[in-house]
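**Student:** Modelling step: build the complete structure from the supplied sequences, incorporating the hints.
Sequence order for the protein chains is A and B. Per the working numbering, the very first residue in the first sequence carries number 1; after that it's consecutive. Per the working numbering, the very first residue in the second sequence carries number 1; after that it's consecutive.
FYI, nobody ran anything at the bench for these hints, they're computed from the structure. This one's a predicted model, so the numbers in the text were calculated from it and none came from an experiment. Any given hint could turn out to be false.
Think about it this way: if two alpha-carbon atoms lie no more than 27 Å apart in a straight line, the pair counts; the simulated DSSO-like pairs of lysine-lysine are [to be verified]: (1) B:90 to A:79; (2) A:79 to A:107; (3) B:93 to A:79; (4) B:19 to A:107; (5) B:67 to A:132; (6) A:107 to B:26; (7) B:40 to A:80; (8) B:67 to A:136.
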Amino acid sequence: MEPDTHSSKTALLVLGCPQVPVQTSIALYLISRLKSSGITPIVAGNKAANTLLFVADPDRHYLGEVTDLDRAVAQIVEKKRDFDQCFVFIHNDAGISYAATMAAISKARLFVLIYGEHQGDLVGQITFPCTKIAAKAVHNPLPLKKVIDEVAPWAA
Amino acid sequence: MGCVEALNYEILIRDASFKECREYIKSHFSESIDVEPGFKIFDVHTIGVPPIAVGLDGDFVIFPYTKPCHGTFLLRVQDAEEAARLRALKKAK
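**Tutor:** Structural data, given as structure tokens:
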């Protein structure tokens, strides 16, 4: 994989609670696709979500910068940093709150990845402008991967 | 970067939805202010679907605090200075 130091576009991946297994798998997949397209991915999550990625990618073949979620929000609000794209992982109400926050504070093009048992209900609660990528995926990441591939956000 | 643990808070509701927190504030407190996501209360950037309701009750500030794994908590913190700041902001709106 090519190093990402010369990329001009950036993408922030906002991770949710890692209790739904597909999150880590899809995050690594999306990171790979973004990097292959010359987009630098930056991951923001809580300690558990970030640690799952660190352990899954110990030699950092995929992972680049990883930051604390609260810190990422603070940097955007304080206008110290922003991104070209933002992907928010959603499988619960908190995920919607984070996505709505990103829609309000960031200029990034917003994509929301909605999955888990209650993805149908969650999709209906999203009223802010964004591209919705949704599938009923809990343990098997393939339904969500399929929708991501159809949307191909790395080509947007 | 703020840390809610530095505050002497009381939890009014735990593991709630943003909507439940907004409704609780509107129905339990006669005084409130609507803020946008990212608005700083104490040293914490608020997370939520706008408008985010923040309650005021004397010297107490009541606001939602969201964690990815635990939903939204409604916290009550006594701080006359912060309550006065929010009241002044409300007046200026």
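**Student:** Please go over all the hints and tell whether each is borne out by the structure.
**Tutor:** Hint-by-hint comparison with the structure:
1. B:90 to A:79: The given pair, whose Cα atoms are some 24 Å apart, holds under the 27 Å limit.
2. A:79 to A:107: Measuring from Cα to Cα gives roughly 10 Å; hence the hint holds.
3. B:93 to A:79: Given that 27 Å is the threshold and the Cα spacing comes to 23 Å, the pair holds.
4. B:19 to A:107: holds, 25 Å
5. B:67 to A:132: holds, 22 Å
6. A:107 to B:26: violated, 30 Å
7. B:40 to A:80: holds, 15 Å
8. B:67 to A:136: Holds - the C-alpha atoms of residue 136 (chain A) and residue 67 (chain B) are around 23 Å apart, at most 27 Å.
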